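Asks: Protein chains in written order, with our numbering: chain A, 1 to 280; chain B, 1 to 434; chain C, 1 to 422.
Hints were generated in silico from the structure; no laboratory data involved.
Some hints here could point you the wrong way.
[What the hints assert, rightly or not] Cβ-Cβ distance ranges computed for the label pairs, FRET-style:
no.	chain 1	residue 1	chain 2	residue 2	range
1	C	Arg292	A	Glu252	30 to 38 Å
2	B	Gln264	C	Met311	31 to 39 Å
3	C	Lys307	B	Lys139	46 to 54 Å
4	B	Val133	C	Gly20	39 to 47 Å
5	B	Lys139	A	Glu205	37 to 45 Å
6	B	Phe420	C	Met311	56 to 64 Å
7	A	Lys200	C	Glu313	45 to 53 Å
Since the structure is predicted, the reported quantities are computational estimates derived from the model, not experimental observations.
By construction, the Cβ of each residue, glycine as well, lies at the ideal position given by its N, Cα and C atoms.
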Amino acid sequence: MHIVCCIKQVPDTTQVKIDPVTNTLIRAGVESICNPYDIVGVEAAVKLTERYGGKVTVITMGPQQADSALRDCMAIGAHKAILLSDRAFAGADTLATSYTLASAITKLSAKDPVEIVICGKQAIDGDTAQTGPGIATRLDFNQLTYVSEIINLDLEKKVIRVRREIEGASQIIEANLPVLLTVELQLGAPRYASLPNLIKALRQEIPVWGAREIGADPDMVGLKGSPTSVKSIFAPPPRKGGPVFDTSDGLENSLNSFLDTLFQKDQSILTEVLNPNSKG
Amino acid sequence: MNESFDVAIVGAGPAGISAACILADAGIKTIVFERGEYPGSKNMSGGVLYGHNLRQILPNFDQLGCPVERNIIESRIWYLSKEAGYTIGYRDNIFTQERKYNVFTVGRAKFDRWFADQARKKGALIVPATVVVDFLRDKNGRVSGVVTNRADGEVPASVVLLADGVNSPLAAKTGFRAELKPEHVALAVKEVIELPAEVIEQRFCVSPSDGITTEVLGEITGGMDGVAIIYTNKNSISISVGANLADFVRTKIKPYELIEAYKQHPLVAPLIAGGKPIEYTAHWLAEGGYYTIPQVYGNGYLIAGDSAMLFNALHREGSNLAMASGKMAAETIIEALKRGDTSRKSLSLYAEKLNDSFVMKDMKKYRNFPAFLYNTHQLFNELPQVAQLAAREMLTVNGISKKQKQKDIMAEIRKKIGLFKLARIIWRGWRSVK
Amino acid sequence: MPKNSKGRDIAEIIPAKCIGCQLCLGECPVNAITMEGGVAKIDPEKCIGCGKCVDVCPANSILFEKPRKKKATAAEQKTPSISEYKGVAVFIEVNNGVAADVSWELMGKGRELAEKLNVPVIGFLPGYKVATIAKEAIYYGCDVVYTMDDPLFQVYISKMYGNALTQLCNQVKPEIFLIGATPLGRDLSSIIATKLKTGLTADCTGLDINPEDRLLLMTRPTFGGNIMATILCRNHRPQMSTVRPKVMKMPKRDPERQGEIRAVKYEGPAEIVPRIIETIPFDTAGAVDITRSPVLVVLGKGACDTKYFPMLEEFARLLGGTIACSRPLVEAGLLPYLRQVGQTGKTVAPKLYIGIGVSGAVQHQVGMQGSERVIAINTDRHAPLVQIADYAIIGDYTKIVPELIKGLKERAPALLKEGVQQ
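Work out the full structure, taking the sequences as your base and the hints as a guide.
Replies: Encoded structure:
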């Protein structure tokens, strides 16, 4: 069985780690991590191969630095990694990105048929969960998004059964392979790699594939392959801040001042909110 | 884990990586463990590095893409009272020419990461996000490797170099360094304030690649034994204020309040006006000095950098001591491995090297300085106040005769400190740095 | 026009305008562009004056004037008969026989866009027994509703809905197609965009029409969020966009409104699709929907001491509101995911948003910027939420909130009655 996991290296925007020993609070550095949803997908893929046999190949489209995210995945058990890196890939929107990844998967499939593709639900750096479905559509794989549990995989009948988190409910659904899954964090946190596996991953040479290696039509990748383009950029009109009440001026005073101002300026909102008839 | 290494280094900071570079250059099989997600993620300093010492490790560092923020061409010292202050600075164009990169500012996250990558390119294996929790010992109790917190995480090594920083949980656990008392460390908080490069260049009168450093003493540490800094980076200014941990415990001042007050000081505020704080960190400084330096060698191990309390507070030198000690540790190890002898006696060469070098010479010279500062709180309270009064009155032209002013100032000195005491402070201060 | 030493007209970067996106680096065929000090720099001697960098620069920071020929790429190859595409289409999402609110919100926005373009508003409604919903669509502003009423569409299956809507787009040829960014919408939209080989801009916070070229202007946060980008889909149709619930305002429902309903037959192939084995609804008894609460008391990383939760719950109750939180509290297991506000959580737009210890990073702001009034309680006056709040109180919430509870009770006798929700 050959499983391909698509990952993305993202800035670590959410972490405000507080180390009690060194008291380091916020880091403004160059940290990049493997998108948390993606590495959960890799962990699930590795677990499947541990149970059913087979191999996991992890791929990413990005600059050279993205290789460290690939290594994180190999440290937890992915067997092979490919970095898709080429200047031609720069500036890709979601259509071009899914084209590039799908082309790489097709190439990998020629040697060893890919039956399952796993992507994270979305990237935490503002990505929009569009890449997975795009890849599934191009490869004509069955698409199962928001997977929170892999219930059963039958390699003989080539059927997979999963639990999906949809709006207001959990859904148990079954699909024929080949299939593309996008996964939720609940699927299972990645293991803490053993030292030998980590060291092996750090030493691994990661092949780099460009547009030529994946047989991509140069007009379909990167900026050239992107129907959407940025017209302009601007700083968002700042929501203007209002009055600031500092309790170091005296708790009661500042809060009285605040409540006075609030009741004066926003009487209507307060009435709406506090009116028992509008509750519920 | 079965694979063994010649040297295992704990900590991928300036000391550890300097050693790794020297060892890798000599073909020694080296592994470096870093607890942070990447080298530098847990490091913080005001931000200055010393070209001389970096050149000893990487002679052509400026051509290897070293992430330099600004080349320092002027050093300032300020002595501040609550609303005023004395300033003195020394600027010399030689620091843009033959002595370029004598001192330069860096961002530690960027620099440490780049520095570790140089060691990696030379052949050292850098393993991030992994914590060394203990030493491996052979049947005689000698250190024979490290134990990490990962599965199969034991790594046999002929020599272990401890370079895991001022907090060094490992030194504390294994007892190789005595437990630090609060008065041996300072707690510093730092903010990086973003400002456009042109604004910085205008405010400090420097060209796009140059900058200044300012060391600040006085009342800005809330009466505590401490120091503050203002360093210029390319697009930001690093400001930091720190004080002796024992003083923090005693006064209960909150570090956050201290830095807020510092930022609002009339001499500081205009320099950072309009800037946006983009980073806030805190760290310990190894202020104890010479008397807190542990035994830096043992059976199968050495200690370098902040772990060994190698920090010269008076001259704000730490990174150079770290790099120099890392280099000397590496050289010692190379000799020891050649001899096939990693015993205490063999590794004692490290201490010899340190003693012969500026590292121990400087540490020894200033051995009494930390105590002097700690025991002379007038430096941070009455003296700045008196100094403010003296300058304020002398500079005000208001018809009072200079002799009268002098009398008033002396009266104030007598009242606040006492002439005799002042003389003693000056005398003891001089003695402590001689 | 600058020239290099060989007399060739070359391109030049204006450093002050360069945003450092590096798109030009990838584009330059002769590697003449490098990054220096965070901005791009063109080596004049290497530059061959082809102008490709100018084409991709989003910040207009490259000086260059020479005309040049280029082969049409996918980005430039237009959708055939692009001029035939007219109308603003909106996907009407149906869950358990009820239309999703976001579909009507987008209908309202679609109405606005269609008026500027002078074209009809079109509804796309695959489903089963959807006649009533089709009428509702007209009441909310639709001119023509295309229904694909078939048992095949009773429950959402990706492939079926993807095929159905692709078919509708090909038949009806709308120039704009809007889909709500619900879990279903996000599963669906990329399928359609990929099949139609058109551009999709997801999670838009703003939509407008450029009067000069009639193109849809799609605005969304980018580069980690401090910058907004306006995105175009010039040569491909339909211009697709997804928008999160509660970003656009719900339009008025007009039961007198007239419109057309056209039934369309599904022409897709009979396919083997995934089979739903079971659907287990979440336990709704006691389930909280923070998107429906008029007041939210949102707890951030600075308010995660569970010791104070009862006090904060009382505060929320008094205001008739609900406790919600930012991401760190869900990750720490202190509160369930259904209370999470933000980019990876829910988008909310309450009348009153009270953030306690919430720093308000962009990912969070994206989920609450539609709130009518924002009150921030924080110890950090530099926190982004404090900067944008309508009212900010700086200090320790454990002392502030009890005082506020007291103060509110004194001033608003209505609060002496117990609040309703939780």
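Asks: For every hint, state whether the structure bears it out.
Replies: Hints, verified against the model:
1. Evaluation of the 30 to 38 Å hint for Arg292 (chain C) and Glu252 (chain A) yields a pass: the beta carbon distance comes to about 35 Å.
2. One distance hint, 31 to 39 Å for the beta-carbon pair Gln264 (chain B) and Met311 (chain C), holds here, with the actual separation near 33 Å.
3. Range check, Lys307 (chain C) to Lys139 (chain B): about 51 Å between beta-carbon atoms, so the 46 to 54 Å window is met.
4. Between Val133 (chain B) and Gly20 (chain C) the beta carbon distance is about 42 Å. The supplied range of 39 to 47 Å therefore holds.
5. The beta-carbon spacing between Lys139 (chain B) and Glu205 (chain A), approximately 39 Å, falls within the hinted interval of 37 to 45 Å.
6. Our hint of 56 to 64 Å for Phe420 (chain B) and Met311 (chain C) holds, since their Cβ atoms are close to 57 Å apart.
7. Our hint of 45 to 53 Å for Lys200 (chain A) and Glu313 (chain C) holds, since their Cβ atoms are close to 50 Å apart.
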